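**Student:** Next come the chains, spelled out residue by residue.
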Amino acid sequence: MTHVLDPGTLEAGTRPAPGSGAPFDDVTRSDAALRAFLHGLPGVDQVGAEQRAATLGTRSIKTTAKAWAIDTAISMVDLTTLEGADTPGKVRSLAAKARRPDPTDPTAPAVAAVCVYGDLAGVAVEALEGSGIHVAAVATAFPSGRASREVKLADVRDAVGNGADEIDMVIDRGAFLSGRYLEVFEEIVAVKEACGAAHLKVILETGELVTYDNARRASWLAMLAGADFIKTSTGKVSPAATLPVCLVMLEAVRDFRAATGRQVGVKPAGGIRTTKDAVKHLVVVNETVGPDWLSPDWFRFGASSLLNDLLLQRQKLRTGHYSGPDHVSVD
Amino acid sequence: MSQLFEYAPAPESRSIVDVAPSYGLFVDGEFVDGSGEPMKTVNPATEEVLSEIAVGTEADVDRAVRAARRASTRVWGPMRPADRGKYLFRIARILQERAREFAVLESLDNGKPIRESRDVDVPLAAAHFFYHAGWADKLGYAGLGPDPRPHGVAGQVIPWNFPLLMLAWKVAPALATGNTVVLKPAETTPLSALLFAEVCRQADLPPGVVNIVTGAGDTGRAVVEHPDVDKVAFTGSTEVGRSIARAVAGTRKVLTLELGGKAANIVFDDAPIDQAVEGIVRGIFFNQGHVCCAGSRLLVQESVHDEVIASLQRRIGTLRVGDPLDKNTDIGAINSAEQLARIRELSDIGEAEGAHRWQPACELPDRGFWFPPTVFTDVSPAHRIARDEVFGPVLSVLTFRTPDEAVAKANNTTYGLSAGIWTEKGSRILAIADRLRAGVVWANTFNQFDPTSPFGGYKQSGYGREGGRHGLAAYLKESS
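Chains as they are written, first to last, in this note's numbering: chain A, 1 to 331; chain B, 332 to 811.
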């Protein structure tokens, strides 16, 4: 038995070079092999995971640390509108806000992306031209994912064709919950292929998967299938993103990188409305996976109302006073 | 790893609590001078002198015991049990109201991080008073006969690791059962007990029911050996416990002892690894490892040893060591220079015996008493660091191959206070827990305390239980 005294040496020793082909090729050969692999992952103790998240939630983030956290959180926001009533006008208005979140303060950073339904991706692309802000589109029969494979793939191609450079797909929770893991895997692989150069975010909808064990298995399944990001929720199901589920998913991307050398991003979405919530998530990132993930390339917030609270808190730090909701734009 | 996210210091305000330049003894409801040479109590994080503390001599202890006896026979003993309960409820509520004050004072005097005194010590201390307040008028239903009676005067000596919490563990059941108390807090951490004396006055507790006599070993001995003390309760080192047992032997006094431990924290290969790592950290680094039930021996199954150790080291790298009053500090100061010397000595012995010492890169403050979180791998059951209680942030890692071996190694200690089991398999938890000679066995968690749960040890970890229905028995005589 070798005693590894420096985690760095363990990772360097067992981690294949990026791009050399995952060491897990054989686990996706059959449903049985995939099942055995996913069920062989270390379990998650619910009480322990929730306790850890709660403890991290008590970190006291003040002054310079808070200012840094607020600006970082703003730069990680996927500013989202996913309503049936969405219109080109609404998307353009959102894009304007994405570029310049605080009209009174040009030092406020821009957000990471604007997230819309696929048919409006073209409008967003046009409105965000030259800004460097990404356009994310939800696809694959979002939010339920209840459609045939052909329809889902067509949905993806349509969104990519409209110019979206990030695709947020939903997994087939029905297939996952009934244990048809390989089916879920193959679907993600097919969607990834249909994405082309676009980044793929895989939405696990952890609120419907219910257990943390399932969240960890689904995370690994998505990563094995080539996800660039794993995302908690659609925002249409309650509970959406929670701190413990984000913790479990971060542990999964950390372990996945240690095993394969490939880094995968994490996006909690839905239910994160306040600066306090966002800062708690950043603390969990910081203390679970470290600074490597503390950038919009590897961590995003899927949110619509969070941005305004971040801006109000930002104004508060700058002026020393709380202002009202009329000091930030409605969209 | 470059640190992007630096947490700015978030210090709790010291001004919430007044530390007097000097304190007397609390006897018969009054603060009085002690006859001994006063001593100083320091902040272990800075070595700054906090206050001067009176020292009780035999004569002072005698005064306190006589006050307690008077209160016992005239007021507290005859009082309606429901009224005793009201006093306890009142104390519990005041503890909650003044929680922040107590938390700051405890961290100043003890060196423990404010997040622990704020989130663990003070809330649990209040919970013990609430819990025992509920028992005060229901003692007939505790399974100790229809009308159990108090012993009378309880002499109590408590340690420095949880000054307020250990006070609550001792005082709350004693009062609920109708006993009066003479308590000697530890010499390095008397301040929260003296603030508690103020709480007793605020709650209008009758004079003499609680008496607090500060001082060192001689004062403690005077309390234990006083002929008019009926019941002795001690929490502290096995060595002192042994001398108390000798002193009490042959008298009519009743004795309970909560002594040292060298708990095994057993991690099986099917354990939830991330939570097990959290449990290992909580087991040994909680309160700087100054915990008698600390999980100081990690028994990890060989097949997952490397994975667990790598995860543990990564996790320890995130622990923040430093100013106890910073709300983001995870590990505070070692309580005293003496204790620091002992931790250093035992760690050096560990290395000399061939175990491998690992410590994370962490900066320690220049002043004060500090020791970084430490892990020893390659430890054998024959090593002293696997046998002696270090009482500091030092973990010894041993391995095992089968459940039988785990049990044999876990029980191979002169102590028997606590143990931990980490496995996803429920049947294994029950099977192993049954075979462990330990007073408390935690499953997939560690260092969890609750007033309803009895706590105590086997072998050299002492005898008697505190907390729960079992804890009441130590303070009551069965009615005949």
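These are calculated hints, taken from the structure and not from any lab test.
One or more hints might be untrue.
[As the list claims (entries may be wrong)] Estimated spans, in silico, between C-beta atoms of each pair:
(1) B:S784 / A:T58: 52 to 60 angstroms
(2) A:G320 / B:A351: 49 to 57 angstroms
(3) A:S305 / B:S784: 56 to 64 angstroms
(4) A:R273 / B:I680: 22 to 30 angstroms
(5) B:R651 / A:H39: 50 to 58 angstroms
(6) B:D735 / A:D25: 36 to 44 angstroms
(7) A:H327 / B:G757: 52 to 60 angstroms
(8) A:T58 / B:E633: 33 to 41 angstroms
(9) B:R651 / A:A197: 38 to 46 angstroms
(10) A:G40 / B:E529: 55 to 63 angstroms
These numbers come from a predicted model, not from an experiment.
Glycine included, C-beta positions come from ideal geometry on N, C-alpha and C.
**Student:** Each of the hints needs a verdict: does it hold here or not?
**Tutor:** Going through the hints against the structure:
1. B:S784 / A:T58: 52 to 60 angstroms: With Cβ atoms ~24 angstroms apart, the hint is violated.
2. A:G320 / B:A351: 49 to 57 angstroms: Since A:G320 and B:A351 have Cβ atoms about 36 angstroms apart, the given range 49 to 57 angstroms is violated.
3. A:S305 / B:S784: 56 to 64 angstroms: For B:S784 against A:S305, whose Cβ atoms are near 43 angstroms apart, the range 56 to 64 angstroms is violated.
4. A:R273 / B:I680: 22 to 30 angstroms: violated, 54 angstroms
5. B:R651 / A:H39: 50 to 58 angstroms: violated, 36 angstroms
6. B:D735 / A:D25: 36 to 44 angstroms: Holds - the Cβ-Cβ distance for B:D735 and A:D25, about 38 angstroms, lies within 36 to 44 angstroms.
7. A:H327 / B:G757: 52 to 60 angstroms: holds, 55 angstroms
8. A:T58 / B:E633: 33 to 41 angstroms: Holds, since A:T58 and B:E633 (Cβ atoms, about 36 angstroms apart) stay within the stated range.
9. B:R651 / A:A197: 38 to 46 angstroms: Holds: the Cβ-Cβ distance is about 42 angstroms, inside 38 to 46 angstroms.
10. A:G40 / B:E529: 55 to 63 angstroms: holds, 58 angstroms
In summary, the structure is inconsistent with hints 1, 2, 3, 4 and 5 from the numbered list given earlier, while agreeing with the others.
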